[in-house]
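K.L.:
Take the given structure of chain C and dock chain R to it, following the hints.
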Amino acid sequence: MAEDNKYLEKIKTQQKEWEENVLQKRVKRFNLKESPTKFYSPLSTIKNDFCEKVGFPGQYPYTSGNNPFDFWRAYAGDAAKMGYRPDWGGAGGVGKYGGFGTAEDYRDYLIRMHSMGRTGGPNMAFDLVTQCGYDSDSPFADGEVGRVGVAIDTFRDFATIYEPYTGALEIDKVPSNFTINAPAAIIIAMYAVLADKRGVPLNKLKGTPQNDILKEFIARGTYIFPPKPSLRLFRDTCVFCTQLMPELNINSMGGYHIREAGASRVQDLAFSMANAAAYLQTGIDGGLAVDLFAPKFTFNAFGGSMEIYPEIAFQRAARRIYARMLKERFHAKNPRSMLIRQPITAHIGCSSTTLQRPLNNLTRAVVGGMAAGMSGGMPGAFPPFDEPMGLGHSQEAVQLQLDATRILIYEAKVSDVNDPWAGSYFMESLTDEIEEQTIAEMEKIENMGGAVAAIENGYMQKAIAKSSYQKQRKIDKQEEFVIGVNCYTGQNEINVNVNREVEASYDPELMKSAEKRQKEKLSRLKRERDNTTVHSLLSTLRQHAKDEAVNLMPDICKCVENDVSLQEICDVFREVFGEFQQAKL
Amino acid sequence: MNQKRKIRVLVAKPGLDGHERGAHVVAYGLRDAGFEVIYTGLRQTTEQIVNAAIQEDVDVIGLSILSGAHVSLTRKVLDELKNQKAEDIMVIVGGIVPSEDIRDLKEMGVREVFTAGTPISAISDFIESAIPAD
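Chain order of the listed sequences is C and R.
So that you can map any letter, position 131 of the first sequence is 131 in my numbering, and since no number is skipped, the others follow by simple counting.
Going from the second sequence to my numbering is simple: count from 1 and add 1000.
Hints are computed from structural coordinates only; laboratory data are not their basis.
We put the beta carbon where it would ideally sit given N, CA and C, even for glycine.
Please note that the accuracy of each hint is not assured.
[As the list claims (entries may be wrong)] Sample of chain C residues facing chain R (criterion: CB under 10 Å; computed from the structure): (1) GLU3; (2) LYS6; (3) LYS10; (4) ASP127; (5) ARG147; (6) SER351; (7) THR353; (8) PRO388; (9) GLY390; (10) ILE464; (11) GLN472; (12) ILE475; (13) VAL485; (14) VAL534.
[Unchecked claim] If you only want the chain R side, here are some residues facing chain C, beta carbon under 8 Å, derived: (15) LEU1016; (16) GLU1020; (17) ILE1038; (18) ILE1089; (19) GLY1117.
[Unchecked claim] Simulated pairs of lysine-lysine, DSS-like, Cα-Cα distance not exceeding 25 Å: (20) LYS28/C / LYS38/C; (21) LYS512/C / LYS1076/R; (22) LYS228/C / LYS444/C; (23) LYS519/C / LYS204/C; (24) LYS197/C / LYS558/C; (25) LYS25/C / LYS12/C; (26) LYS471/C / LYS444/C; (27) LYS584/C / LYS471/C; (28) LYS1106/R / LYS516/C; (29) LYS1006/R / LYS466/C; (30) LYS38/C / LYS10/C; (31) LYS584/C / LYS444/C; (32) LYS38/C / LYS474/C; (33) LYS1106/R / LYS512/C; (34) LYS519/C / LYS477/C; (35) LYS81/C / LYS413/C; (36) LYS1076/R / LYS519/C; (37) LYS584/C / LYS1006/R.
The following block holds chain C by itself, in its conformation from the complex (with noise of 0.2 Å):
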């Protein structure tokens, strides 16, 4: 002990010596108030115990990594020997995150990428209409029917995207991801009522539903109830889950559209501990143990930012935070649940390219494939350079993305190292320093009643609103460089272009007949089915939502199987639910 003080005294004197002999006179030789850069020491992280704070890779608090390499480093050699070629966005065995039109046509797409070799799991994205909880022939849905994802109106559309899923492709084998929020307990209950026709058990169904209706509220903007009853139907979705369908994952929480919607860091990871506190609550509040269920909680990622040192230290202090929130405050004791399951760590996130001389775009994502693979991720370089271009990823730009994320694993090896930032006095203070700001946010939005007050007083729209145009005007006042947007814009500088082969996957002419076809199937449907039992099955699902203590994910599934469409159970839920109002900014 007496040793170790002696050395750290030595660090002080030599500290303070550098300051005023070497640092102070350059700092004066440039004409600066302060020096542009910083330099960190021992003395910075004295007060660390190594064991306490960050721990070996898989154990906890994991601030080194949830594992000490993950499934895809244990087989990169043989994948590169196969050359095998992930589809883009398909993490855990789905494919390429994609839907559009009528579910005829999204199931004719499948079928199509099936011929050639891509059977991951349908990873769909609903269109704008089906996210806010109306049929396509609502006069919401106008001109927005399978425009951005594939339209669902009821059971019958969900069962026909399945069709190509049969023999060595059935849903016990294959798993599925749906982007769903506000009417995600409807689409889970389709996807039982589709097991349970085929006969497939439900507990081997496996896939992810996001089923994060809070950032909703204070991102994506695809909400319909408010809050309170928004987090009931995930206490019903999250019971059923566990008690039925223990292999599907409950729900995929999002940083990464907080901190899109303009978030600071320190935000995005407040508020996505905050919203994942209030589902662990919720949870329990329904009844289960943390640990039947919390393993089943996965996070779809945190925002990004090219700045990748505080983004390295970000992803440890998020695995440090969330490990000792499940330990601590939740008293969880199963490791699996204390652990962020996410399929990207660290990136750049999307809002940081830019539709200026797009190909710097691929420079950005390799910075941040490099702070991926430093922050325990694969060394991802995400997403492909064309993003902002919004007319879909050219074959070009997938290939560069995939050949940059290649070369940071085999030629580079980012990934040999787990957590080399680790012990570093730099990353570790700054990791420190994450956690704090992160926790004090936490506990303001716990003082004021945890994350739905937050939400229903506006506290975290405004402060994201706020938060984003500091951003720009930071950008504006040139406080911030993007380059070739607000800085090296002049005439020597030049656009360099690269062929692209924008996949056809979407046939325009499809797209524009899309809400017709769906409206006349739709139309048809109303004609012939049971409308008796439909009348019936309503208003039983009425006088269930009106009792907060009625599950009602066993109602949902009996209205799904006999073709009440989604609007009208979302109708249901508007009238004794109400719709959420927006605070004004």
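P.N.:
This is chain R only, laid out in the frame that chain C set:
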């Protein structure tokens, strides 16, 4: 002259698109630049937008659209303005808009289209130069 009326702008999100960042940034930015700004919030029908614009007596409607539905939604707003004899309200559009669509939107009557990376000052300067001073 110092009693000059502030230029009034309605920032609006038509359709079901929930991407609000651009609308927020533009609303705050124009407010700081000295405009009177009204923000509609999400999920407005084109009728609601035009009615709000008339009721609030705005000079400019700024539509923020990132869902790819910019052509049809903007056309509806312009038609509705015509129906209500309020074509004097200037319409500008912001969002992810491919260049061929920018041309179509301008032919339809949109005065300017602002895509990603636009500084707020470019929008405020444009509005100030396009709206005749009282």
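K.L.:
State for each hint whether it applies.
P.N.:
Verification of the hints:
About 54 Å separates the beta-carbon of GLU3/C from the nearest beta-carbon of chain R, more than 10 Å, and the hint is not met. Below 10 Å, beta-carbon pairs count as interface contacts, and LYS6/C has none with chain R, the closest being about 54 Å; its hint is therefore violated. Look at LYS10/C: its Cβ only gets to about 50 Å from chain R, farther than 10 Å, so that hint breaks. For ASP127/C, the interface hint holds, since its Cβ comes within 10 Å of a Cβ in chain R; the closest pair sits about 9 Å apart.
Using the Cβ-Cβ criterion of 10 Å, the hint placing ARG147/C at the interface with chain R is satisfied: the shortest such distance is roughly 6 Å. The beta carbon of SER351/C comes within 8 Å of a beta carbon in chain R, closer than 10 Å, and the hint placing it at the interface holds. For THR353/C, the suggested interface contact is upheld, since its CB lies about 9 Å from the closest CB of chain R, less than 10 Å. The closest approach between the C-beta of PRO388/C and any C-beta of chain R is roughly 6 Å, which is under the 10 Å cut-off, so the hint is satisfied.
A least Cβ separation of about 4 Å between GLY390/C and chain R falls short of the 10 Å threshold, and the interface hint therefore holds. Residue-level restraint check for ILE464/C holds (minimum Cβ-Cβ distance to chain R is 8 Å; threshold 10 Å). Annotation: GLN472/C was flagged as interfacial toward chain R, and the flag holds, the nearest CB pair being 5 Å apart, inside 10 Å. Interface hint at ILE475/C: satisfied, since its Cβ lies 7 Å from the closest Cβ of chain R, which is below the 10 Å cut-off.
Evaluation of the VAL485/C hint against chain R yields a held restraint, the C-beta minimum of about 5 Å falling below 10 Å. With a cut of 10 Å, the hint placing VAL534/C at the interface with chain R is violated, because the nearest CB-to-CB distance is about 25 Å. The interface hint given for LEU1016/R is met, as the beta carbon of that residue sits about 4 Å from the closest beta carbon of chain C, less than 8 Å. Against a cut-off of 8 Å between C-beta atoms, the interface hint on GLU1020/R holds, since the closest Cβ of chain C lies about 6 Å away.
Taking 8 Å as the C-beta contact cut-off toward chain C, the hint placing ILE1038/R at the interface is violated, the least distance being around 10 Å. At a threshold of 8 Å, the smallest CB-CB gap from ILE1089/R to chain C is about 22 Å, leaving the interface hint violated. The beta carbon of GLY1117/R comes within 5 Å of a beta carbon in chain C, closer than 8 Å, and the hint placing it at the interface holds. At most 25 Å may separate the alpha-carbon atoms for a hinted pair to count; LYS28/C and LYS38/C meet this at roughly 16 Å.
A C-alpha spacing of about 17 Å is found between LYS512/C and LYS1076/R, which places the hinted pair at or below 25 Å, so the restraint holds. A distance of roughly 20 Å separates the Cα atoms of LYS228/C and LYS444/C; the hinted pair therefore holds under the 25 Å criterion. At roughly 34 Å between alpha-carbon atoms, LYS519/C and LYS204/C are farther apart than 25 Å, so this suggested pair is violated. The suggested pairing of LYS197/C with LYS558/C holds, with an alpha-carbon distance near 12 Å, which does not exceed 25 Å.
Distance check on the hinted pair: LYS25/C and LYS12/C sit about 19 Å apart at the alpha-carbon level, within 25 Å; holds. Only pairs whose Cα atoms come within 25 Å are accepted, and LYS471/C paired with LYS444/C is accepted, the gap being roughly 23 Å. At roughly 21 Å between alpha-carbon atoms, LYS584/C and LYS471/C fall within 25 Å of each other, so this suggested pair holds. For the given pair, LYS1106/R sits about 28 Å from LYS516/C by alpha-carbon distance, which is inconsistent with the 25 Å threshold.
Pair hint LYS1006/R plus LYS466/C holds up; C-alpha atoms about 23 Å apart against a cutoff of 25 Å. This hinted pair checks out: LYS38/C and LYS10/C have alpha carbons roughly 20 Å apart, not beyond 25 Å. Annotation: proposed proximity of LYS584/C to LYS444/C holds, straight-line Cα distance about 21 Å (limit 25 Å). Between LYS38/C and LYS474/C, the direct Cα distance comes to roughly 21 Å. Compliance with the 25 Å bound is thereby established for this hinted pair.
Under the criterion of a C-alpha separation no larger than 25 Å, the hint pairing LYS1106/R with LYS512/C is consistent with the structure, at around 22 Å. For the proposed pair LYS519/C and LYS477/C, the alpha carbon gap of about 50 Å is over 25 Å, so the pair is violated. Annotation: proposed proximity of LYS81/C to LYS413/C holds, straight-line Cα distance about 16 Å (limit 25 Å). About 21 Å separates the Cα atoms of LYS1076/R and LYS519/C, which keeps this hinted pair within 25 Å; it holds.
Only pairs whose Cα atoms come within 25 Å are accepted, and LYS584/C paired with LYS1006/R is accepted, the gap being roughly 21 Å.
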